Amino acid sequence: MSEQRFFVYWTGFAVILALLIAAPLVLPEFWQRFLTEILIWGLLAMSSDILIGYTGMVSFGHSAFFGLGMYGAAAALLTTSPPNLWLALLYGLLLAAATAAFVAYFSTRLRDIYFAITTLIFSQIFYVIIFTSTALTGGENGVNFRRPAFAIPHLFAIRFTPSVLHWFVLAIVALSYLLLRRITQSPFGMVLQSIRENEPRTRAIGYPVERYKIVAVMLSGIFAGLSGVLYALQNQFAAPDFVFFVVSGEVVIYNVIGGIGTLVGPIVGAAFFLLLREAFSRFFTEYYLIPLGLIFIAIVIFLPRGLLGFARRWLNR
Amino acid sequence: MDIPVDQLLIQTINGIVTGMILALVASGLTLIFGIMDVVNFAHGELFMLGAYVGVLTLAATGNFWIALIVATLVIAVLGAAIYLTTLRPLIGRDPLTTILATFGMSLVLQNYALWQFGPVARKIEEPITGHFQLFYLDYPYYRLAIAGLAAAIIGVLWLFLKYGTYGIWIRATTQDRVMAQAMGIPVPWVLTAVFAIGSGMAAASGVLFGPLVGVNSQMGTSWVLRAFIVVVVGGMGSLSGSIAAAIFISLLEAYASLWVSPAQAVIVSFVVLILTLLFRPTGLFVPTPK
Numbered sequence: 000m001s002e003q004r005f006f007v008y009w010t011g012f013a014v015i016l017a018l019l020i021a022a023p024l025v026l027p028e029f030w031q032r033f034l035t036e037i038l039i040w041g042l043l044a045m046s047s048d049i050l051i052g053y054t055g056m057v058s059f060g061h062s063a064f065f066g067l068g069m070y071g072a073a074a075a076l077l078t079t080s081p082p083n084l085w086l087a088l089l090y091g092l093l094l095a096a097a098t099a100a101f102v103a104y105f106s107t108r109l110r111d112i113y114f115a116i117t118t119l120i121f122s123q124i125f126y127v128i129i130f131t132s133t134a135l136t137g138g139e140n141g142v143n144f145r146r147p148a149f150a151i152p153h154l155f156a157i158r159f160t161p162s163v164l165h166w167f168v169l170a171i172v173a174l175s176y177l178l179l180r181r182i183t184q185s186p187f188g189m190v191l192q193s194i195r196e197n198e199p200r201t202r203a204i205g206y207p208v209e210r211y212k213i214v215a216v217m218l219s220g221i222f223a224g225l226s227g228v229l230y231a232l233q234n235q236f237a238a239p240d241f242v243f244f245v246v247s248g249e250v251v252i253y254n255v256i257g258g259i260g261t262l263v264g265p266i267v268g269a270a271f272f273l274l275l276r277e278a279f280s281r282f283f284t285e286y287y288l289i290p291l292g293l294i295f296i297a298i299v300i301f302l303p304r305g306l307l308g309f310a311r312r313w314l315n316r
Numbered sequence: 000m001d002i003p004v005d006q007l008l009i010q011t012i013n014g015i016v017t018g019m020i021l022a023l024v025a026s027g028l029t030l031i032f033g034i035m036d037v038v039n040f041a042h043g044e045l046f047m048l049g050a051y052v053g054v055l056t057l058a059a060t061g062n063f064w065i066a067l068i069v070a071t072l073v074i075a076v077l078g079a080a081i082y083l084t085t086l087r088p089l090i091g092r093d094p095l096t097t098i099l100a101t102f103g104m105s106l107v108l109q110n111y112a113l114w115q116f117g118p119v120a121r122k123i124e125e126p127i128t129g130h131f132q133l134f135y136l137d138y139p140y141y142r143l144a145i146a147g148l149a150a151a152i153i154g155v156l157w158l159f160l161k162y163g164t165y166g167i168w169i170r171a172t173t174q175d176r177v178m179a180q181a182m183g184i185p186v187p188w189v190l191t192a193v194f195a196i197g198s199g200m201a202a203a204s205g206v207l208f209g210p211l212v213g214v215n216s217q218m219g220t221s222w223v224l225r226a227f228i229v230v231v232v233g234g235m236g237s238l239s240g241s242i243a244a245a246i247f248i249s250l251l252e253a254y255a256s257l258w259v260s261p262a263q264a265v266i267v268s269f270v271v272l273i274l275t276l277l278f279r280p281t282g283l284f285v286p287t288p289k
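Chains as they are written, first to last, in numbering that gives the first Met the number 0: chain A, 0 to 316; chain B, 0 to 289.
Honestly, the hints are just simulated from the structure, not real lab data. Do not rely on the hints blindly, as some may be mistaken.
Partial chain B-side listing against chain A, Cβ under 10 Å, derived [claimed, not checked]:
#1 PRO94
#2 PHE102
#3 VAL265
Calculated Cβ distances over 10 Å to all of chain B for the following chain A residues [stated by the list, open to error]:
#4 ALA13
#5 VAL14
#6 GLU28
#7 GLN31
#8 VAL190
#9 THR201
#10 VAL255
#11 LEU291
Everything numeric in this text was worked out from a predicted model, so none of it was measured. Beta carbons are placed, not taken as given, at the ideal position from N, Cα and C, and that holds for glycine.
Let the hints inform the model, and build the full structure from the sequences given.
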């Protein structure tokens, strides 16, 4: 990376981070929550970019990892008293990782459309299981729980006000971004990109492609689970609707709108989608998906690289 | 566990009846999938809109059979329009982009139906009302009629593909698109027609299925998932494979629902799909490729 690009990139990163840190101080309550929600969905979309943009596998099953992360957090928060934040994170991540390992083992043997369909079907299996085991998961109604305090043992404990929650979410999303960016630029990330570009050749060079794919799906699933935990903390409930495949579809939409293979693109896509949804739902009430769907189709046809696609090479160097 | 023979028989008949409707939905999908490499996520929505057009025509004319034909034609035209506007620009790009475009289209159509027709389910009257005694059940003749009609429609499609001039064009396009074009077959129009035929078949199954449950804007979602399973399990693009798989999966689900709730019985078909993809990805009901 040249001196100047290095400077521009990190200045840009710092400015955006500073704006996001300052946002809760100036924004009204509603938009503050909205911004936090964008960050959470953005993290989910970013996690799926590891597969779509870097490895070339379109996952239609990210709702499963997201939802299982959510229910994992719910399990921790409901069984411990007082509810413990770190336990919720641990449970959510473990459950999401286990789900991802299970799904990855089977689905990575398939490619292209078949991978997409298999992940979709797996997420539907989890949906049906969660939906029908009413005793354990509350079935259709889901479960409610209390938000834990933000505490580090022996150091401090404060209540999660909306602002504190925003900063917590922001910190996690920013760290995840830096971590994922580092991973995609590492030798491991390079192998993933070479699988995307030419799988047979990557195999011929001698890389165990299947193992790399499994790790990629698990990595992606763990970060998706992390966003599920954050969503559970934000809204204090878990519901089967979030495991339904339409959520996975929306995640793919965020990626395509924002620009795949950029990591920040999916966050921009999520922001764009959610803002438009907010705007359209004022005019079209609950039918906002009609104009939004049409815009999405137009982007698929006319802007295949997404809003940030033009910056793809630049962001990855 | 003791299995009552009468229940087993009832579930066999139920399974075959749903299987025939599923086969009708899936054969439209497999036609589109196998010939054009288009994964049509909006297929379930065409099924649902077909049922709605059926409801409206039935209200206007009072005749179920007219409703069936009108719905088929209207949705076939709609399918051609969707193909020309959203899918034709994507020819030559990654097939995955067709999933995205049709997923967007399914969101639009589903919400359009909700907006236009409201959340309350509509009812289609059964055209054939008789019952017959099946063990302790009054089994409606209409269910058997559906199975027969679905089989008839699929049979006509098969004859058309086998012997009709345009059917032969379609098969030629499937085998080698470039060669077909070189032989003077208007490939772009063949593709549009195939999409229209598939859409019309989805609409016909929607109207036929309408009397069994209410017609609502969500009804397409579960069907499109099952139809996908059938298409993959049956072997991509194979008409006879899809029909066999549709009946196979419906029977399995019907038997499974003797022990678990129908919602959980769906898992059986999911498992069948995953096992198929792992051990015989070319499909269960097609000959082993050389």
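Hint check results:
For B:PRO94, the interface hint holds, since its Cβ comes within 10 Å of a Cβ in chain A; the closest pair sits about 6 Å apart. Because the closest C-beta pair between B:PHE102 and chain A is about 5 Å apart, less than 10 Å, the hint holds. Nearest Cβ of chain A to the Cβ of B:VAL265: about 6 Å, under the 10 Å cut. The hint holds. Distance check for A:ALA13 against chain B: the nearest CB is about 34 Å away, which clears 10 Å, and the non-interface claim stands.
No beta-carbon of chain B comes within 10 Å of the beta-carbon of A:VAL14; the shortest separation is about 32 Å. Look at A:GLU28: its CB is around 29 Å from the nearest CB on chain B, clear of 10 Å, so calling it non-interface holds up. The Cβ of A:GLN31 lies farther than 10 Å from every Cβ of chain B, with a closest approach of about 28 Å, so its non-interface assignment holds. No beta-carbon of chain B is positioned within 10 Å of the beta-carbon of A:VAL190; the least distance is around 21 Å.
Under the 10 Å C-beta cut-off, the non-interface status given to A:THR201 relative to chain B holds; the minimum distance is some 18 Å. Non-interface call for A:VAL255 relative to chain B: violated, since the shortest CB-CB distance, roughly 6 Å, does not exceed 10 Å. Listed as a non-interface residue, A:LEU291 fails to keep its Cβ farther than 10 Å from every Cβ of chain B; the least gap is roughly 7 Å.
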